[in-house]
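Chemist: Sequence order for the protein chains is V and X.
When the first sequence is numbered by my numbering, its final residue is 489 and no position is left out of the sequence of numbers.
When the second sequence is numbered by my numbering, its final residue is 489 and no position is left out of the sequence of numbers.
Read the hints as simulated data drawn from the structure, not as lab findings.
Each hint can be trusted.
Residues on chain V that point at chain X, a partial pick, calculated with CB under 10 angstroms: (1) 131; (2) 163; (3) 176; (4) 199; (5) 206; (6) 291; (7) 294; (8) 349; (9) 418; (10) 461.
27 angstroms max Cα-Cα, derived BS3-like pairs, lysine-lysine: (11) X/161 / V/220; (12) V/216 / X/161; (13) V/405 / V/239; (14) V/453 / X/453; (15) X/90 / X/453; (16) X/216 / V/236; (17) X/259 / X/358; (18) V/161 / X/220.
Built from N, CA and C at the ideal position, the CB exists for glycine as well.
This is what each chain is made of:
Number of protein chains: 2
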Amino acid sequence: MNILYDERLDGLLPTLDKAQVRERLTQTLPDMTLLHREEDLRPFECDGLSVYRVVPMLVAMPDTLAQIETLMKTCYELQVPVVTRGAGTGLSGGALPLEKGVLLVMTRFAKILDIDPDARTARVQPGVRNLAISEAAAPYGLYYAPDPSSQIACSIGGNVAENAGGVHCLKYGLTVHNVLEVQVITIEGERMTLGSAAFDAPGFDLLALFNGSEGMLGIITEVTVKLLPKPEVAKVLMASFDDVEKAGKAVGDIIAAGIIPGGLEMMDKLAIQAAEDFIQAGYPVEAEAILLCELDGVEADVNDDCATVRGVLERAGATEVRQARDEAERALFWAGRKNAFPAVGRLSPDYYCMDGTIPRRELPRVLKGIAELSQEYGLRVANVFHAGDGNTHPLIMFDANQPGELEKAETVGGKILELCVEVGGSITGEHGVGREKINQMCVQFQPDELAVFHAVKAAFDEKGLLNPGKNIPTLHRCAEFGAMHVHKGQLPHPELPRF
Amino acid sequence: MNILYDERLDGLLPTLDKAQVRERLTQTLPDMTLLHREEDLRPFECDGLSVYRVVPMLVAMPDTLAQIETLMKTCYELQVPVVTRGAGTGLSGGALPLEKGVLLVMTRFAKILDIDPDARTARVQPGVRNLAISEAAAPYGLYYAPDPSSQIACSIGGNVAENAGGVHCLKYGLTVHNVLEVQVITIEGERMTLGSAAFDAPGFDLLALFNGSEGMLGIITEVTVKLLPKPEVAKVLMASFDDVEKAGKAVGDIIAAGIIPGGLEMMDKLAIQAAEDFIQAGYPVEAEAILLCELDGVEADVNDDCATVRGVLERAGATEVRQARDEAERALFWAGRKNAFPAVGRLSPDYYCMDGTIPRRELPRVLKGIAELSQEYGLRVANVFHAGDGNTHPLIMFDANQPGELEKAETVGGKILELCVEVGGSITGEHGVGREKINQMCVQFQPDELAVFHAVKAAFDEKGLLNPGKNIPTLHRCAEFGAMHVHKGQLPHPELPRF
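Isolated chain V (complex conformation) (with noise of 0.2 angstroms):
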């Protein structure tokens, strides 16, 4: 369903060769600051999503704040994208690096700058791995609580500029709730802060517009995010069903029964059993699905909310509930659900992520609907979930070296976008638009929204230059491409709600 990647869709003119741009960056940036050979630029070629690679013209990998200043001064000058990249871990794309473009590396901007126990904030560079901010608030009973599956590897700047969610988003938030301050270099070299360490900040609220704008705005330098208190205990309930559609039903009850868990994750058949071969977690390898249910706080409490939970599951048509039996249990389960991504990898060659959202009553339809698509186009999906906040991570299975396979997965991924939009839901949960799913954007979106998108974008960026091609398509873009859809038949539903 994507169109081959075409620089020009998205309005990029460049101008200077790499031997241009490089000897202009380097009459003021230190050589050791800048790759160019082949060699070096090549690790830089994809982000988690690896099915996209360019070799980017070069790499900048500063170490100081007036490096990036200078870096950004002389882009703009020169008229050179700039594409900014964190850990890498993005699963849309969107870090991945354009032929005409430099790629900026914040990796060395890894320092955690303080920890304040009063206030509970944590102020860290960019670079700073979002486990390790957890790690440095542990000492004093608190944490960071959004958690993607790749926290052990993931950058808060890719956090806020992906705006990341994670099993604990339903209770927590996502980034865009845990983020108090963040400081910003734009295109044109100037330093700006965003929110405050106040409670609230006047002005439009810019902050919020940096989670999720994926590069676009400016580079993030620094960020304020608010520390929770560890919650005196946690525990984690397991429920095997033998249909997926009363597992998804179940999600709802417990929601309904006022119960808001610290994570409600499901998995369906064959991601239980792809887990289960990879990590041992004890998971029911015959059940249709489960439903990992962690409820955390003050322990009287999470012992009456087990309880409650228990009865729901049971009345929903639960065949069997487990409870961890201890912390170390508990990690097991959780650790079977962060990995059924590589464990899905082990089963199939390749295999396509999804990343729909859709509102949480219509978790049995769209299961429904999966099932059908996949039997109709002969693909296994393995059904992974942010069950409690609607976010589902269908992953198609195909193998790329059997011809037309990979062509059928993309078709029956457009199918599932396309469902969850019209079930109300949207093209993405928190895996960000990126590259992947610019094409989809046309579809979420009329003319007019896009153009108050480009609007906004040019606010910070007039010319263009932070990350092209990603997030926001050019409407001449999407005029390609609604051009098949029309071909297709596959107009936009007019119902489809909007922004």
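Let chain V serve as the given structure and place chain X on it in line with the hints.
Modeler: Just chain X now, kept in the frame of chain V:
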């Protein structure tokens, strides 16, 4: 400290006169939706900040979305500015009309469209009162958390426009954290949907941008809010202190003890006495300060927290800690706080209510600074704080009939706001910038930062027709105001936090 209002400073160049505009509008709008006679316009000359009064050119009270579309298209074509008004309870003059502008009054959009207990959402028209949402949700055991003191009268559209807070926002967040989706009509008369019923939406976070946008980006026509389950129990502790700084310090101690209260409010002696005189809430009139600390949740949990907080308060030097005996006394404790503003109004012919937000740890320092300013200028100041989130409401008492007192009050107010900015806070918490603090925005932000705000504004409203002269000052205005500042030697501190 406010420059006398001058529309020319806001770049407005009105062209048509009232008769011309009215003639054009009556061609497409029913007569009953358009008020034009002096006696019909007069009731709308101010909002809750009654020191500013302007009779609008015309008042439009549409009944249907189609009428709003028509109104917008016509005003856009004629280049007539539009100010939107909800319940008119705003405290910063955000709904102050323009002499040469149309005032769009949204009070006829007051229907609750849907309460969905499973999804825990309410879909309502913008004119629905804040408290009415909770009343409609009560049969399902749910409520809408943000509760500004004006909640009995203020409407949800205005809450979104001002990103309203309230007593419970420390624990449950500001309006922006509790809104899932808004429907808007642009100045060009087009409908858009921002956000979605799903947990996340792709593209830039325009929904967050609308929260606190003070009517400058579009007309809010529908709001979907999150509902929360009503806590099983809520208990409130009232602590007395013989020293206001000790009370300020105790606020930080409670948070540092790992407790996030449902509400954490502070009042000083003057505010206590005024409230007690008005409401007979049982406040200790001899105390220098009181803290009201509400703890909510599951009963066992709340009892634990009550014991912890009592210990913290006693160690912090509280002279007395009382727990409300029952629901009636709890309601009474809060009634005193929620009526503190009108209560102070009974003590003094006039008062000027400030709304600065500061980092929690700076409470003692700012309280001391306010006391010194009060002494220096000989004006009484009553302090009412949303202490938990650092949102301060000093009420400066004066008598406008005494020559020079208004000016003195404005000077003290300006100095308090500058003190807030100096300690890392902001010039507004929940009341917004509106007309009142338009000049202080020049203190808080640098010209290049204001330029970004203007560019974002232009992305939605290129001609600058929506609520001009509020929220974001023109650079022209700041240049005028800045000149005054340089003259008085009060240039912005170089270390001020920005944005």
